[in-house]
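Student: Here's the letter readout for the chains.
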Amino acid sequence: MSRIVPFLEARKVTVSRPIEEGRLQRVLLGITLGVDEGEILAVVGPSGSGKSTLLRLFNHLLEPDNGEVLLAGKNIQTIDPPTLRARIPLVAQKPFLFSGTVLDNLQASARLRQTQLPDFNDSALQELLELCQVSPSWLDRDARKLSIGQQQRVCLVRSLAGPCQALLLDEPTSALDRPTADLMAKTFREIARQKNLAIILVTHDLRLTERCSDRVALLIDGSVIEDGATSQILNNPTTESARTFLLSETSENRETPG
Amino acid sequence: MSATIIDLSLWDLVTAYSLLLMSIGLAHLLKAGQSKDLFWSGLRMFVQLLVVGYVLHLIFALKTALPVLLILIVMVGFAVQTIGARMKMKMPHFYRVVGTAILFGCGVMTFFFCSLVIGLEPWYDPRYLIPLAGMIIGNSMTGASLAVERLAAEFRERQDEIETALCLGGSIQTVSEPAVSSAFRAALIPSVNAMAAMGLVFLPGMMTGQIISGTEPLIAVKYQIAIMCAITGSVSLTTFLILRLGYRAYFTSYQSLREGC
Numbered sequence: 001m002s003r004i005v006p007f008l009e010a011r012k013v014t015v016s017r018p019i020e021e022g023r024l025q026r027v028l029l030g031i032t033l034g035v036d037e038g039e040i041l042a043v044v045g046p047s048g049s050g051k052s053t054l055l056r057l058f059n060h061l062l063e064p065d066n067g068e069v070l071l072a073g074k075n076i077q078t079i080d081p082p083t084l085r086a087r088i089p090l091v092a093q094k095p096f097l098f099s100g101t102v103l104d105n106l107q108a109s110a111r112l113r114q115t116q117l118p119d120f121n122d123s124a125l126q127e128l129l130e131l132c133q134v135s136p137s138w139l140d141r142d143a144r145k146l147s148i149g150q151q152q153r154v155c156l157v158r159s160l161a162g163p164c165q166a167l168l169l170d171e172p173t174s175a176l177d178r179p180t181a182d183l184m185a186k187t188f189r190e191i192a193r194q195k196n197l198a199i200i201l202v203t204h205d206l207r208l209t210e211r212c213s214d215r216v217a218l219l220i221d222g223s224v225i226e227d228g229a230t231s232q233i234l235n236n237p238t239t240e241s242a243r244t245f246l247l248s249e250t251s252e253n254r255e256t257p258g
Numbered sequence: 001m002s003a004t005i006i007d008l009s010l011w012d013l014v015t016a017y018s019l020l021l022m023s024i025g026l027a028h029l030l031k032a033g034q035s036k037d038l039f040w041s042g043l044r045m046f047v048q049l050l051v052v053g054y055v056l057h058l059i060f061a062l063k064t065a066l067p068v069l070l071i072l073i074v075m076v077g078f079a080v081q082t083i084g085a086r087m088k089m090k091m092p093h094f095y096r097v098v099g100t101a102i103l104f105g106c107g108v109m110t111f112f113f114c115s116l117v118i119g120l121e122p123w124y125d126p127r128y129l130i131p132l133a134g135m136i137i138g139n140s141m142t143g144a145s146l147a148v149e150r151l152a153a154e155f156r157e158r159q160d161e162i163e164t165a166l167c168l169g170g171s172i173q174t175v176s177e178p179a180v181s182s183a184f185r186a187a188l189i190p191s192v193n194a195m196a197a198m199g200l201v202f203l204p205g206m207m208t209g210q211i212i213s214g215t216e217p218l219i220a221v222k223y224q225i226a227i228m229c230a231i232t233g234s235v236s237l238t239t240f241l242i243l244r245l246g247y248r249a250y251f252t253s254y255q256s257l258r259e260g261c
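Keeping their order, the protein sequence lines are chains A and B. Numbered according to our numbering, the first sequence terminates at residue 258, and the numbering increases by one at each position without gaps. Numbered according to our numbering, the second sequence terminates at residue 261, and the numbering increases by one at each position without gaps.
Where hints are given, some of them may not hold.
[To be verified] Okay, the calculated beta carbon distance ranges per label pair: (1) A:223 / B:82: 23 to 31 Å; (2) B:61 / A:23: 34 to 42 Å; (3) B:156 / A:145: 50 to 58 Å; (4) B:199 / A:135: 31 to 39 Å; (5) A:22 / B:78: 32 to 40 Å; (6) A:14 / B:44: 28 to 36 Å; (7) B:177 / A:124: 23 to 31 Å; (8) A:114 / B:252: 15 to 23 Å.
[As the list claims (entries may be wrong)] Pulled a few chain A residues facing chain B out of the computed Cβ check, cut under 10 Å: (9) 7; (10) 67; (11) 99; (12) 101; (13) 109; (14) 133.
Keep in mind the hints are simulated off the structure, nothing from the lab. Ideal Cβ positions, reconstructed from N, Cα and C, are used throughout, including at glycine.
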């Protein structure tokens with residue numbers, strides 16, 4: 001498949017971080033990676049490989065030292081950060097809900113994005129709830145008393161209830177049990193398909209990757225060592241370090257049933 | 001009412017200091033570990049106030065504006081330094097933010113109060129300007145340090161909430177609102193409590209001082225009311241400025257939370 005200009009793309013991005021006085025650690029080493037509308041890109045790799053740092057570049061929570069991030073060909077640094085983040089929300093690893101009910105959360109999000117407050121009877125909201133498998137009966141429940149899986153779903157609805165063009169997911173299933181994570185994978189697929197969203201998913205969960213992503217980028221020590229179709233990368237990795245990582249993750253998953 | 005002021009002799013002061021010795025003794029008895037602090041603070045107070053007494057004596061005699069203004073600037077400097085020394089975790093650009101806010105907030109309020117409320121003639125009359133500015137700066141310093149401390153705590157505690165709101169497209173002003181209003185409330189609590197309890201629970205220092213030095217109680221009361229309004233105004237203005245300038249310091253130029261704040 002020829003990929004000319006991806007919808008959301010990091011181009012040759014380099015990020016360093018201060019570790020101690022005067023010393024910098026290079027976290028990302030000239031990465032180029034992109035995702036198209038309606039496509040799910042899974043960025044997998046061991047802890048500390050720079051996955052979350054990479055994700056935070058896409059909605060300008062971090063700035064690269066070198067290189068650029070482009071949205072529909074436009075450098076995101078030319079877009080007002082709140083406007084950009086309203087279009088490319090990031091759902092954090094640990095779901096954080098504001099105090100109040102689920103509806104309060106949706107309304108708070110609308111206020112932050114300066115969009116219209118959602119209405120209970122709004123058909124678009126009903127569709128979104130259905131898409132994310134959030135029961136309308138949760139709307140008037142205390143958001144922080146929902147289970148972690150339910151909270152994660154509410155976070156999804158909250159992020160999508162706006163002018164969303166892409167979605168960034170940071171380890172979205174790390175706190176979930178296996179069946180819930182599998183359901184989530186299905187939800188992500190539906191979201192990408194129905195809303196034609198570009199989704200970047202950072203995870204070390206290979207099962208989730210296999211079940212929902214179209215493409216996989218394998219990040220090790222700040223470099224993308226493999227990037228391609230999911231089945232190809234997971235089944236026929238070309239590099240030795242990719243094989244080692246995939247093998248270690250697969251055996252780890254087998255050791256932790258559930 | 002004729003002003004008959006009882007001057008204190010050196011012996012009277014020594015007698016007063018015996019009360020401090022009693023405090024040192026009690027601290028020692030309870031092993032509170034404060035005997036040394038009490039001793040040195042007592043000594044510092046003696047030396048500092050003696051120096052201030054002589055400086056004021058000199059400035060009152062000079063009757064020119066420049067030394068008065070210099071004293072006020074030194075007071076602001078000490079206020080900023082005191083807050084800085086007290087803070088364990090300083091906000092980014094701390095001295096610039098707090099210095100500007102105290103200088104501007106207290107400056108505006110002192111001159112508003114002295115020229116429009118009291119109508120000082122000349123405007124720099126040190127007998128009024130220095131003690132009034134001292135009260136305004138001192139109280140604003142307390143308010144400012146409470147605000148700075150609370151703002152830092154709020155940004156620490158609300159990190160997840162603020163980052164979530166940023167990720168949904170909130171502006172830094174909107175996402176900081178809860179932290180900023182909580183810090184403003186914290187700064188104003190002493191002023192609110194002082195005004196509510198005044199006259200019932202305690203007689204305020206300035207009023208007491210004026211009464212002791214022979215001022216008619218009703219005049220002293222009017223002064224006290226006016227200065228409390230000025231103090232509250234100054235605490236609010238200084239805190240407002242600190243918070244307006246200060247919350248931005250927690251964010252990068254591209255509106256994300258700074259790390260390690």
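Student: The structure should be examined with respect to each hint, and the outcome stated for every one.
Tutor: How the hints compare with the structure:
Separation of residue 223 (chain A) from residue 82 (chain B) is about 51 Å and departs from the stated range, judged on CB atoms against 23 to 31 Å. The supplied range of 34 to 42 Å is broken by residue 61 (chain B) and residue 23 (chain A), whose beta-carbon atoms lie about 59 Å from each other. Take residue 156 (chain B) and residue 145 (chain A): their Cβ atoms lie about 25 Å apart, and the range 50 to 58 Å is violated. Separation of residue 199 (chain B) from residue 135 (chain A) is about 59 Å and departs from the stated range, judged on CB atoms against 31 to 39 Å.
With their beta carbons about 34 Å apart, residue 22 (chain A) and residue 78 (chain B) fall inside the hinted range of 32 to 40 Å. The supplied range of 28 to 36 Å is broken by residue 14 (chain A) and residue 44 (chain B), whose beta-carbon atoms lie about 54 Å from each other. Between residue 177 (chain B) and residue 124 (chain A) the beta carbons are some 28 Å apart, a value that agrees with the proposed interval 23 to 31 Å. In this structure, residue 114 (chain A) and residue 252 (chain B) meet the distance hint of 15 to 23 Å, their C-beta atoms being roughly 22 Å apart.
Interface restraint check: residue 7 (chain A) against chain B, minimum CB-CB distance 19 Å, threshold 10 Å, status violated. Given hint, residue 67 (chain A) at the interface with chain B, is violated; its Cβ is 15 Å from that chain's nearest Cβ, farther than 10 Å. The interface hint given for residue 99 (chain A) is met, as the beta carbon of that residue sits about 9 Å from the closest beta carbon of chain B, less than 10 Å. The beta carbon of residue 101 (chain A) is not positioned within 10 Å of any beta carbon in chain B (closest approach about 16 Å), and the interface hint is therefore violated.
The interface hint given for residue 109 (chain A) is met, as the beta carbon of that residue sits about 5 Å from the closest beta carbon of chain B, less than 10 Å. The criterion of a C-beta within 10 Å of any C-beta in chain B is not met by residue 133 (chain A), whose closest approach is roughly 21 Å, and the hint is violated.
When held up to the earlier numbered hints, the structure conflicts with 1, 2, 3, 4, 6, 9, 10, 12, 14 and fits the remainder.
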